[in-house]
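There are 4 protein chains.
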Amino acid sequence: MPEKIRKVGVLTSGGDSPGMNAAIRSVVRTCAYHNTECIGIYRGYQGMIEGDFKEMGPRSVNNIVNKGGTILKSARSLEFKTPEGRKKAYDNLVKAGIDALVVIGGDGTFTGGLVFNNEYDFPIMGIPGTIDNDIFGTSHTLGYDTALNTVVEVIDKIRDTASSHNRLFFVEVMGRDAGHIALNAGIGAGAEEILIPEEDLGLDRLLDSLKKSKASGKSSSIVVIAEGDKIGKNVFELKDYVEANLPEYDVRVSVLGHMQRGGSPSCFDRVLASRLGVKAVESLLEGSSNFMVGLQSDAVILTPLEQAIKGKSEIDRELLRVSDIMST
Amino acid sequence: MPEKIRKVGVLTSGGDSPGMNAAIRSVVRTCAYHNTECIGIYRGYQGMIEGDFKEMGPRSVNNIVNKGGTILKSARSLEFKTPEGRKKAYDNLVKAGIDALVVIGGDGTFTGGLVFNNEYDFPIMGIPGTIDNDIFGTSHTLGYDTALNTVVEVIDKIRDTASSHNRLFFVEVMGRDAGHIALNAGIGAGAEEILIPEEDLGLDRLLDSLKKSKASGKSSSIVVIAEGDKIGKNVFELKDYVEANLPEYDVRVSVLGHMQRGGSPSCFDRVLASRLGVKAVESLLEGSSNFMVGLQSDAVILTPLEQAIKGKSEIDRELLRVSDIMST
Amino acid sequence: MPEKIRKVGVLTSGGDSPGMNAAIRSVVRTCAYHNTECIGIYRGYQGMIEGDFKEMGPRSVNNIVNKGGTILKSARSLEFKTPEGRKKAYDNLVKAGIDALVVIGGDGTFTGGLVFNNEYDFPIMGIPGTIDNDIFGTSHTLGYDTALNTVVEVIDKIRDTASSHNRLFFVEVMGRDAGHIALNAGIGAGAEEILIPEEDLGLDRLLDSLKKSKASGKSSSIVVIAEGDKIGKNVFELKDYVEANLPEYDVRVSVLGHMQRGGSPSCFDRVLASRLGVKAVESLLEGSSNFMVGLQSDAVILTPLEQAIKGKSEIDRELLRVSDIMST
Amino acid sequence: MPEKIRKVGVLTSGGDSPGMNAAIRSVVRTCAYHNTECIGIYRGYQGMIEGDFKEMGPRSVNNIVNKGGTILKSARSLEFKTPEGRKKAYDNLVKAGIDALVVIGGDGTFTGGLVFNNEYDFPIMGIPGTIDNDIFGTSHTLGYDTALNTVVEVIDKIRDTASSHNRLFFVEVMGRDAGHIALNAGIGAGAEEILIPEEDLGLDRLLDSLKKSKASGKSSSIVVIAEGDKIGKNVFELKDYVEANLPEYDVRVSVLGHMQRGGSPSCFDRVLASRLGVKAVESLLEGSSNFMVGLQSDAVILTPLEQAIKGKSEIDRELLRVSDIMST
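Going down the list, the sequences are from chains A, B, C and D. Start counting the first sequence at 1; every next residue gets the next number (our numbering). Start counting the second sequence at 1; every next residue gets the next number (our numbering). Start counting the third sequence at 1; every next residue gets the next number (our numbering). Start counting the fourth sequence at 1; every next residue gets the next number (our numbering).
It is worth saying that the hints were derived from the structure and are not from the lab. No experiment lies behind these values; they were computed from the predicted model shown. Misleading hints may appear alongside valid ones.
Some chain D residues judged to face chain B by a derived CB distance under 10 angstroms, without partners named [claimed, not checked]:
(1) Y33
(2) H34
(3) S139
(4) L148
(5) V151
(6) S163
(7) R167
(8) L183
(9) A189
(10) N245
(11) E248
(12) R270
(13) S323
Beta carbons are placed, not taken as given, at the ideal position from N, Cα and C, and that holds for glycine.
Just chain A, with the same shape it has in the complex (with noise of 0.2 angstroms):
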């Protein structure tokens, strides 16, 4: 570890999410406060490999904090996988006079990080950008606050359609692993029924949950299914099973797809991005290394890498019941 940090690195690695550049921008202007340099990292760690490095002063950052996208742009580099890809990496940051690193993405950034910085000691700071807020140690993962809001807009014009024509929507959206995106925007939405990966619901609840819902005078209905839910089938599947069981429902799919990752950030991960920026960057000044920095009741914390990589964000079981209230 350096006695004191004079050069800071900052990339994007993994998925692009709404608030990324917000955060980089916070990095950057934070280095500038305190009188530290910054160096963009292009591609991620690919970029870090080929030596895609730029000089960032503030002003280089002017106008992004509303922009979509990571304006150092995203890679998955299979040669950073590698000890010899790590070597390359890790002289092009010496031969840069970088001393610190903020990372910023998911489980696989982390990871990639924490291998690196077990190599070669190199201190790492790492902020959660990803719209599945499938990380533990943060309430809110940058991006996700923006893909709910997107989520349900498109869901509300999806639902005027379904009541115009008294329709079954099945509506898939992100979420391999984690139905946060999913709970969450389908009570925003009012949705009928949510599938999500944490919880098998069983088909006959499903149909159970449509026959009620027809019976009690809906005329329409919008079920959220996350990529990975657990009931076994895929979307277009479901449909066919509904449509075999439930001849009155005459259902139609819509999968959000990659929608859900652009757009400009909401004010909450524009705020985030711009508080876990300055903690990541002040954390490693003050000599911190290997850590997430992340939200907790409201408040900025850091957690391990190691934990924030092998922990499993829970989403809230009370949100099932309330799911089940409204749909009443």
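Chains B, C and D: place on chain A using the hints.
Same frame as chain A, now just chains B, C and D:
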């Protein structure tokens, strides 16, 4: 034909589109303005057959000018395709004292209206409501402008991700027979290439264009594809084809689907709906029948329903050239 | 206090805020879920005095989760401040068989409820609905998150003009006594400086900050100012003062005003409303009274109404420092 | 006039408007398409005087089609109104090898261009960019459609509050000399009454209309007022006048201001900008000069700059009648 129109019925039929509610509001208030009664007919022609009617006064349509969908609901009616069905519908209209109809929808809606008029000499006026803009006799159908904005907003989000990851996206938009949405939203969203039903650009041209794009230094690209494009492959087959032929590309697919039909109408669609509703009712009151009201050169014009149905709404081929230049 | 709650009344009072409808929906459906009747009371306490009541079942609140404003309307009631007014209100509740109340609003709403409870021992539960976030006992009031998004979206638009013309904008946002909106939306919108009621930064500091900003190469700046800021000048006087002292600046003023109260609620506000409504009704059914339901550390918690009224919702002063660093 | 255009300069001047960036992009790429060089001139005519130029290729305008404002910045130039200023500007153009100009802006921009052309016989082509739609020779100016959407979205939010509180709102929108925004956004937003510069409706009519509105059972109303309305009172005086004469009304005022100029352009404005840019450059290359490109009956048409400046863009008076009927 009645001596004087005393009571006008209004219905929406076919796929819903933003602006239908604004048009219903305009029809209802124009009737009130001219001291003519107005009856809302639910669920299109099917509701006519079932007598699903409701009196509507100016206050029945408060606060709907900005709502997507249709408060009168829409439905397909197989029964209305039979003489028996139409007989029931006619009897219901007579019983309710309705002596003229405004029908809001697309080709199918107008065809139903024309058949009905031929049998019963019942005054009919059509308002073009569909997002596809595929109706002859109007430069814009209700909902088309809103759908274009929805599509470019979604592609803007997708572009955030595309350009963060240097990826190629294929985005499928509505338009089985008409490329209006693909062509205009494609230009608006800065698409690299646009595939439409009216033109077979050929697979070679697509590959060439993508190669050229890569060579010109573009880091990411969007291709916008109408559902009914002529290229002879669906969007997923197209992805496979491109990846097989251009291994440097990692293609992602996004099918926008039903969200394109919903949402709060744009100002343009609200004003257009208001104008068309006034003209539809006033034309009926003046004794006209069997016309569609539409926009031509910014003026509201009548087109015989028969022409509206038979004619074809041509795309502006100059836009293909503009698109080509824009993707330089 | 009644033996058992059989019928719950619900009202909204004070300034409206996004999420009030989602909260009404939650109260109504939670009652239905627990086989309890629910009565909507129109126009707040004034409607209670006038007996402006309506039975509400689960289908009465279809399709309102995403609507701004309040379907139950809101009003100020001078009459409810008199014992005679409250007597009339009580008599109406008794006559209607209502034996508990959920009141949605801010400080004034809760004070009215508490006085009423003291006189008639009538079970009351409060839900904090106001965009200002100035209620003790909850980290977020209903509508606050939505208002933040509205403000940053508008300032994003203003910034387009500011940066095209190299201009300085003063943007006044809501908050007579609380700087929550100004502080968070200011950080979210990348404001150069933020003026709030809680802190007198002084005019010199503002001038210094603007001088520094010019010197640092920024071409345009936004200053966000809460209505009730401590600096002792209104926003137009402030413009004159700055232009007199910094002639290099051409200041434009924008007062955002009432638009901040409206709009479709964010996903966060919809989920919060759903959770608070469930807790409010279930707490009443369990025999609690005189509490406000609120959010603390992501959990729904009861706070005595008296504390909610007397306590002060503090801003997070760390955010002042974050804002400072962000405007480097 | 040069034998052949080899290098085109492009600038934006006057108030910025959404779509200016899309027009810059179109000019730059159309030049590239025709193997013509393109130079961006910063800060309008002032930058021409100061030689603030930058070469632009197709990649210089990546990802700006959807951005509000203008990347070339805008400014007022008093110096360009003097022969000395224009001499400097001309010398800079000659030195840079620029032999034609595309100027994007409004009346003032075109007047500057025309004077310059008269003195130096320098080829000029104008693109109408202003939200006010007050340019003769085009049915739509760049940014107008976007501004209409911005205004109706904001009034939709205000209406949430208006109808929750049964209040009357006066909303002031842009338009010193032209009522296009007020008239169209007023109809789109369902305004009770619309006050514009082109027509003096009289104070009595306003009071009558508001009385009638109350009597007809409307619980809330919006009046949309153009900045330059003819009624002879500013919006705050008007509030006082109405409250003095109609004490049953509690009037709130909202001045929308600069936010109307910003924001991501609508699809319509993006496509229009793309079309106008192509036509402007190709017309110059074909030897035309001193024209404005504009939209007429959905076709792109040239209008002599002199006519564009002297002519008046008339409002569609039929819309006044539509507005009247809609507020039944």
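Hints, one by one, checked against the model:
no.	hint	result
1	Y33	holds, 5 angstroms
2	H34	holds, 9 angstroms
3	S139	holds, 6 angstroms
4	L148	holds, 4 angstroms
5	V151	holds, 7 angstroms
6	S163	holds, 7 angstroms
7	R167	violated, 14 angstroms
8	L183	holds, 9 angstroms
9	A189	holds, 8 angstroms
10	N245	violated, 25 angstroms
11	E248	violated, 18 angstroms
12	R270	holds, 4 angstroms
13	S323	holds, 8 angstroms
In the structure shown, a violation is registered for the earlier hints numbered 7, 10 and 11, in ascending order.
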